[in-house]
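Fit chain P to the given chain A structure using the hints.
Number of protein chains: 2
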Amino acid sequence: MTTPKFDDITTLGVIGAGTIGASWAAYFLARGYQVIVWDPAAGWANRLDDMIATAWPQLEELGVVVAGAAPRPVRAASPEEVVAGATVIQESALENMAVKRALYAQMDAVMTPDHVILSSTSGLIMSEMQAGLSHAARFVVGHPFNPPHLIPLVEVVGGADTDPALIDWALGFYDHIGKHAIRINKEVPGHLANRLQAALWREALLALKDGLASVADIDAAIAKGPGLRLALFGPHMIFALAGGKGGMAHFLDHLVPGIHAWWRTMDEIDPEITPDLARALIDGVADEAGARTIDDLEAERDQRLLALLKTLRDTPSAR
Amino acid sequence: MTTPKFDDITTLGVIGAGTIGASWAAYFLARGYQVIVWDPAAGWANRLDDMIATAWPQLEELGVVVAGAAPRPVRAASPEEVVAGATVIQESALENMAVKRALYAQMDAVMTPDHVILSSTSGLIMSEMQAGLSHAARFVVGHPFNPPHLIPLVEVVGGADTDPALIDWALGFYDHIGKHAIRINKEVPGHLANRLQAALWREALLALKDGLASVADIDAAIAKGPGLRLALFGPHMIFALAGGKGGMAHFLDHLVPGIHAWWRTMDEIDPEITPDLARALIDGVADEAGARTIDDLEAERDQRLLALLKTLRDTPSAR
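Chains as they are written, first to last, in my numbering: chain A, 192 to 510; chain P, 192 to 510.
Isolated chain A (complex conformation) (with noise of 0.2 Å):
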């Protein structure tokens, strides 16, 4: 296997324009690349020319783009033309197994041995996309976090064909261009973030259900609570600390007997959502919102969520 050095690569190829793809090659571009896209939808184009614009100054306030980078992607006529003028592509094509294996033997069929595809898919499998393909082992998922230009994280698994060196390949090639990847050992729904993310929700949902609290505050359980340190750390750091100096050692000992307790009360797998249950929700979250439409809220949360990555940058880790 030969793989790009990550210093040669100057062009970046993006598939499937979308809100992930755009904001890829939104970002790609800031961080210097050449960007080539194409996007079978119709008016394609002009969506991702607003998607840029908007992300641009973003990226700026960010501190993200470097010196030269501008915002003008290249726009190709076809799949085959973006694998002829990138190597490394990254594939945000819809969530259907049909037509990713389409838009995969489109692509395995111009494709050479030194080509690297990168799929954004969240729901599926690797194994079963790249089932049969002649560059099979040169497919890899590269998940991102929704929009791809601020969030740092990206998850990277492969496939059963994915050749493993590749997957390592992947893993620093996010972190040269600046994004946070982590190695997911085996194929499961979800991966791994929207799996914590569901385990989260099902019992916020089972608070609602059993009648625990409204949702506005069950949400405020969250937001005003482990949510600012969730931020800052995951699960198993926050409670390692919640350890004291005894660390995680401490903490098995003598707090999670509590939380076995705990735990055993907490016995619905996959809560039904009744029509009720659908209507509370509904309701619960327009009370919450208040006054604020959804794209005041939305604007709320983009405009928050920059200020905290950028005192995030300004008062780094020491790691």
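Take these hints with a grain of salt, some might be off.
Identical chains share a label here; the pair holds if one copy fits it or two copies do between them.
As the list claims (entries may be wrong) - Computed cross-link-like contacts, DSSO-like style, restricted to lysine-lysine with a CA-CA straight-line distance of at most 27 Å:
| id | residue 1 | residue 2 |
| --- | --- | --- |
| 1 | LYS436 | LYS400 |
| 2 | LYS400 | LYS377 |
| 3 | LYS196 | LYS436 |
| 4 | LYS377 | LYS501 |
Since the hints were derived computationally from the structure, they do not count as laboratory data.
Frame of chain A, contents of chain P only:
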């Protein structure tokens, strides 16, 4: 029932001056109250002064300290003296039912019908703590999140004998002093926020057990991704915003089927922490910490948390 008018309160009592009680004392002082404190441990007053000295500059940096406030608590010689000196008392005694019951009996003997006892208990049930007291109706849980002088969240829940009007009063009181109080409608072990945290950690632990990723990578899956949003919004609102312009209704129709599929594979209720898993946790956290000692990590957490709280204050939610 009579309850003190918020604006008439000039003195607050603090019983128990450990980590939680001392942090409460610092916060109450910063808000301009006289604070009368008692703790049963030897040497408590000096430790309290040290804790307040550490917290005070943080509270000043956050702009929480009101004009005329001074970091000087009044020391009491007994719980009875606190009850004599303050009508509203935050109790943060040892998390032990026998200890709390004995203390409550002592207080009960000298309380008036106007007194309000707010308990910081994280793990005990108020109905059991208050049972049989003459002034049982005047006891309510006001559970803070550590450290109380920095984290806004306070969970309010009454016991079987608590006056329902006192629950409303406690919610109003905490909001009045600048905290974010939420109403918990039922007594369950761990209240709400800690149960939500436990649900998240359960899945994080299972990811380690199943070999899905390393401790450091599991932690990054939160802190470098969804954790950044959890400092801004709770899980319900985050998923409502994931529904785009259609909000929670769209989310329920289009994205929840996938989440149900994940949930069905997240079916371990009470994972056993075997010696091997405990070792993997301890080693994994040490690896994640790298060269950082626990003191370093605590300092990093507190410094970054303070910066984050300032950012959220300066970039407020429209609600």
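Verification of the hints:
| no. | hint | verdict |
| --- | --- | --- |
| 1 | LYS436 to LYS400 | between (38 Å within a copy, 25 Å between copies) |
| 2 | LYS400 to LYS377 | between (33 Å within a copy, 12 Å between copies) |
| 3 | LYS196 to LYS436 | neither (43 Å within a copy, 42 Å between copies) |
| 4 | LYS377 to LYS501 | neither (33 Å within a copy, 39 Å between copies) |
The earlier numbered hints that this structure contradicts are 3 and 4.
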